[in-house]
Amino acid sequence: MAKKKMSIADAKDYAKGYGWDFSKDFYEQNTASKSAELAALAKLVGYKKSASASGSTARYFFEYLKKK
Numbered sequence: 001m002a003k004k005k006m007s008i009a010d011a012k013d014y015a016k017g018y019g020w021d022f023s024k025d026f027y028e029q030n031t032a033s034k035s036a037e038l039a040a041l042a043k044l045v046g047y048k049k050s051a052s053a054s055g056s057t058a059r060y061f062f063e064y065l066k067k068k
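Under the working numbering, think of the first position of the sequence shown as 1, with each following residue one higher.
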C-alpha cells in the first residue's frame, strides 16, 4: 500500500499554524526548529529542491509555498 502524501494546501495551513507568516521574509522568522519542521513538511509533500540549489530545503519550500 502506498503512503498518502500531504497536499500543498494542507502543508501551507500546517506551516501557518506552526508560526510561519508568508507575507514576511524567510530569514526574519527562521529558527532551527521551524526550519526542521518546514523541511519535514517538504518531505511529506514530496517536494524536492533543484540539485543545483544553494540553499536549504526549508528555504526553497517556504518560497514555493509563498507562491501557492
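Accuracy of the hints is not assured; some may be wrong.
Below, computed lysine to aspartate or glutamate pairings styled on DMTMM-like, alpha-carbon distance capped at 20 angstroms [what the hints assert, rightly or not]:
| no. | residue 1 | residue 2 |
| --- | --- | --- |
| 1 | Lys-24 | Asp-13 |
| 2 | Lys-66 | Asp-10 |
| 3 | Lys-67 | Asp-21 |
| 4 | Lys-48 | Glu-37 |
| 5 | Lys-66 | Glu-28 |
| 6 | Lys-68 | Asp-10 |
| 7 | Lys-16 | Glu-37 |
| 8 | Lys-5 | Asp-25 |
| 9 | Lys-5 | Asp-21 |
| 10 | Lys-12 | Glu-37 |
| 11 | Lys-16 | Glu-28 |
| 12 | Lys-12 | Glu-63 |
| 13 | Lys-43 | Glu-28 |
| 14 | Lys-48 | Glu-63 |
| 15 | Lys-48 | Glu-28 |
| 16 | Lys-68 | Asp-25 |
| 17 | Lys-16 | Glu-63 |
| 18 | Lys-66 | Glu-37 |
| 19 | Lys-66 | Asp-25 |
Label-pair distances were calculated between CB atoms; the ranges are [what the hints assert, rightly or not]:
| no. | residue 1 | residue 2 | range |
| --- | --- | --- | --- |
| 20 | Gly-17 | Ser-52 | 25 to 35 angstroms |
| 21 | Lys-67 | Asn-30 | 12 to 22 angstroms |
| 22 | Lys-66 | Lys-43 | 16 to 26 angstroms |
| 23 | Glu-63 | Asp-10 | 16 to 26 angstroms |
| 24 | Ser-33 | Gly-55 | 27 to 37 angstroms |
| 25 | Ile-8 | Ala-53 | 27 to 37 angstroms |
| 26 | Glu-63 | Ala-32 | 24 to 34 angstroms |
| 27 | Asp-10 | Ala-36 | 27 to 37 angstroms |
| 28 | Lys-66 | Gly-46 | 11 to 21 angstroms |
| 29 | Lys-48 | Asp-10 | 27 to 37 angstroms |
| 30 | Lys-48 | Tyr-14 | 15 to 25 angstroms |
| 31 | Leu-44 | Phe-22 | 26 to 36 angstroms |
| 32 | Lys-67 | Tyr-18 | 12 to 22 angstroms |
| 33 | Lys-16 | Lys-43 | 28 to 38 angstroms |
Calculated from the structure, these hints are not laboratory results.
Cβ coordinates follow ideal geometry from the N, Cα and C atoms, glycine included.
A quick look at each hint next to the structure:
1. Lys-24 to Asp-13: Judged against 20 angstroms, a Cα distance of about 16 angstroms means the pair holds.
2. Lys-66 to Asp-10: holds (13 angstroms)
3. Lys-67 to Asp-21: The given pair, whose Cα atoms are some 13 angstroms apart, holds under the 20 angstroms limit.
4. Lys-48 to Glu-37: holds (15 angstroms)
5. Lys-66 to Glu-28: Within the cut-off at roughly 14 angstroms; holds.
6. Lys-68 to Asp-10: holds (11 angstroms)
7. Lys-16 to Glu-37: holds (11 angstroms)
8. Lys-5 to Asp-25: With a Cα-Cα distance of about 27 angstroms, the restraint between Lys-5 and Asp-25 is violated, given a limit of 20 angstroms.
9. Lys-5 to Asp-21: Violated, at about 23 angstroms.
10. Lys-12 to Glu-37: holds (12 angstroms)
11. Lys-16 to Glu-28: holds (15 angstroms)
12. Lys-12 to Glu-63: Roughly 11 angstroms separates the two Cα atoms, so the pair holds.
13. Lys-43 to Glu-28: At roughly 23 angstroms apart (the allowed maximum being 20 angstroms), Glu-28 and Lys-43 break the hint.
14. Lys-48 to Glu-63: The given pair, whose Cα atoms are some 13 angstroms apart, holds under the 20 angstroms limit.
15. Lys-48 to Glu-28: Judged against 20 angstroms, a Cα distance of about 23 angstroms means the pair is violated.
16. Lys-68 to Asp-25: holds (16 angstroms)
17. Lys-16 to Glu-63: holds (14 angstroms)
18. Lys-66 to Glu-37: holds (16 angstroms)
19. Lys-66 to Asp-25: holds (10 angstroms)
20. Gly-17 to Ser-52: 25 to 35 angstroms: holds (32 angstroms)
21. Lys-67 to Asn-30: 12 to 22 angstroms: Holds, since Lys-67 and Asn-30 (Cβ atoms, about 18 angstroms apart) stay within the stated range.
22. Lys-66 to Lys-43: 16 to 26 angstroms: holds (18 angstroms)
23. Glu-63 to Asp-10: 16 to 26 angstroms: The hint (16 to 26 angstroms, Cβ to Cβ) holds, given that Glu-63 and Asp-10 are roughly 18 angstroms apart.
24. Ser-33 to Gly-55: 27 to 37 angstroms: violated (18 angstroms)
25. Ile-8 to Ala-53: 27 to 37 angstroms: Given about 19 angstroms between the Cβ atoms, the range is violated.
26. Glu-63 to Ala-32: 24 to 34 angstroms: violated (19 angstroms)
27. Asp-10 to Ala-36: 27 to 37 angstroms: violated (18 angstroms)
28. Lys-66 to Gly-46: 11 to 21 angstroms: Between Lys-66 and Gly-46, where Cβ atoms are some 18 angstroms apart, the hint holds.
29. Lys-48 to Asp-10: 27 to 37 angstroms: violated (18 angstroms)
30. Lys-48 to Tyr-14: 15 to 25 angstroms: Since Lys-48 and Tyr-14 have Cβ atoms about 19 angstroms apart, the given range 15 to 25 angstroms holds.
31. Leu-44 to Phe-22: 26 to 36 angstroms: violated (18 angstroms)
32. Lys-67 to Tyr-18: 12 to 22 angstroms: holds (19 angstroms)
33. Lys-16 to Lys-43: 28 to 38 angstroms: Since the Cβ atoms of Lys-16 and Lys-43 sit about 18 angstroms apart, the hinted range of 28 to 38 angstroms is violated.
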